[in-house]
Amino acid sequence: MTRTNLRVAITQAEPEWFDLAGTVKKTIDLINEAAKGGARLVAFPEVWITGYPGWICLYIAQAIISPQGELVMLRRKIKPTHVERAIFGDGSGRDLDNVVELDFGTEIGKVKVGTLACWEHTQPLLKYHTYSQGQVVHISMWPPVEPDVGPDGPGPYSISAEGALNLSQAYAIEGGAYVLHCTAVCNEKGIETMKTSDAMLFSQPGGGHSAAVGPDGRRLTLPLGGGDPTVEGIVYADLDLERVVTNRGFLDVVGHYSRPDLLWLGVDKQQKEAIVHRLRE
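The numbering of the sequence shown is UniProt numbering, which starts it at 1 and goes up by one.
These are computed hints drawn from the structure, not numbers from a lab.
Glycine is no exception: its CB is placed at the ideal position from the N, C-alpha and C atoms.
Be aware that a few hints might be false.
To be verified - In silico PhoX-like pairs for lysine-lysine, Cα to Cα no more than 25 Å straight-line:
(1) 127 to 79
(2) 269 to 127
(3) 127 to 110
(4) 79 to 272
(5) 26 to 189
(6) 36 to 112
(7) 272 to 127
(8) 127 to 112
(9) 36 to 110
(10) 79 to 269
(11) 269 to 112
(12) 112 to 79
(13) 189 to 25
(14) 26 to 195
(15) 36 to 26
(16) 36 to 25
Unchecked claim - Simulated DEER-style distance windows between Cβ atoms:
(17) 253 to 65: 26 to 34 Å
(18) 125 to 29: 32 to 40 Å
(19) 133 to 261: 16 to 24 Å
(20) 238 to 275: 51 to 59 Å
(21) 170 to 269: 20 to 28 Å
With the hints as constraints, model all of the structure from the sequences given.
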């Protein structure tokens with residue numbers, strides 16, 4: 001393994017539904033398994049660990065823990081998707097800082113790693129802001145996603161397994177970064193626990209379609225279990241980080257292939273309060 005190679009692990013697993021301690025234990029087991037497989041970076045799906053409300057709200061949160069064991073990033077999904085808004089609250093300006101630099105030691109060095117959740121990968125402005133932070137590896141977190149069954153299916157193509165992977169591949173092309181496309185699994189236990197057998201989503205066993213995507217958008221890994229979406233496990237990939245530099249030599253949407261004199265993005269990271277008092281002049 002050369003100095004520019006980073007071995008990553010992309011999990012494809014079912015959480016212990018509504019069981020915080022059980023899912024934490026499963027998380028630790030998966031991390032230990034990934035470490036035995038030589039991985040230096042491990043990715044998990046969206047809403048993987050059940051948590052507790054932040055005051056009176058629940059949030060779809062993401063965390064990055066460094067190789068040194070420090071919590072170096074904690075953010076919330078800035079806008080929950082569709083029916084998620086019945087449960088989860090909005091993020092704030094501070095959640096726009098979603099890329100951090102991780103130190104993998106002298107063999108590999110420091111690598112910028114970022115993350116977004118699910119349909120945040122459809123948000124052009126949010127994606128562009130993330131690209132601007134210079135990430136080399138991007139973790140794309142998804143829930144269980146079912147295969148597309150055509151125009152008569154229950155949901156839009158963009159939330160299907162194929163549509164979600166297409167969004168991650170487009171993200172890799174635009175951002176010139178490796179993408180760890182990480183999906184969860186929902187099998188019979190999850191369907192029974194959540195009572196979703198007649199729902200638009202999570203009605204069929206499966207949902208697992210984890211993959212690694214190169215900075216040119218090419219899928220780099222084979223599906224687990226020969227493509228069986230009910231299979232749990234870990235997808236491994238060895239990332240040649242020099243390929244990011246090569247690809248950005250062709251396409252850099254926030255650098256040489258941009259026109260900030262004509263088009264630019266405004267960002268306001270200030271956290272807003274519900275009530276602001278001002279004195280009359």
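These are the hints, each one checked on the structure:
1. 127 to 79: holds, 13 Å
2. 269 to 127: holds, 15 Å
3. 127 to 110: Given that 25 Å is the threshold and the Cα spacing comes to 22 Å, the pair holds.
4. 79 to 272: With Cα atoms ~15 Å apart, residue 79 and residue 272 stay inside 25 Å; holds.
5. 26 to 189: holds, 16 Å
6. 36 to 112: With Cα atoms ~23 Å apart, residue 36 and residue 112 stay inside 25 Å; holds.
7. 272 to 127: The hint holds at about 22 Å.
8. 127 to 112: It holds: about 15 Å lies between the C-alpha atoms, which stays within 25 Å.
9. 36 to 110: Given that 25 Å is the threshold and the Cα spacing comes to 22 Å, the pair holds.
10. 79 to 269: Distance of about 15 Å is within 25 Å: holds.
11. 269 to 112: holds, 20 Å
12. 112 to 79: holds, 24 Å
13. 189 to 25: holds, 18 Å
14. 26 to 195: Given that 25 Å is the threshold and the Cα spacing comes to 23 Å, the pair holds.
15. 36 to 26: holds, 15 Å
16. 36 to 25: With a Cα-Cα distance of about 17 Å, the restraint between residue 36 and residue 25 holds, given a limit of 25 Å.
17. 253 to 65: 26 to 34 Å: Roughly 29 Å apart at Cβ, these two residues keep to the hinted range, so it holds.
18. 125 to 29: 32 to 40 Å: Since residue 125 and residue 29 have Cβ atoms about 38 Å apart, the given range 32 to 40 Å holds.
19. 133 to 261: 16 to 24 Å: Given range 16 to 24 Å: holds, Cβ gap about 21 Å.
20. 238 to 275: 51 to 59 Å: holds, 52 Å
21. 170 to 269: 20 to 28 Å: holds, 26 Å
Hint compliance for this structure: no hint is broken.
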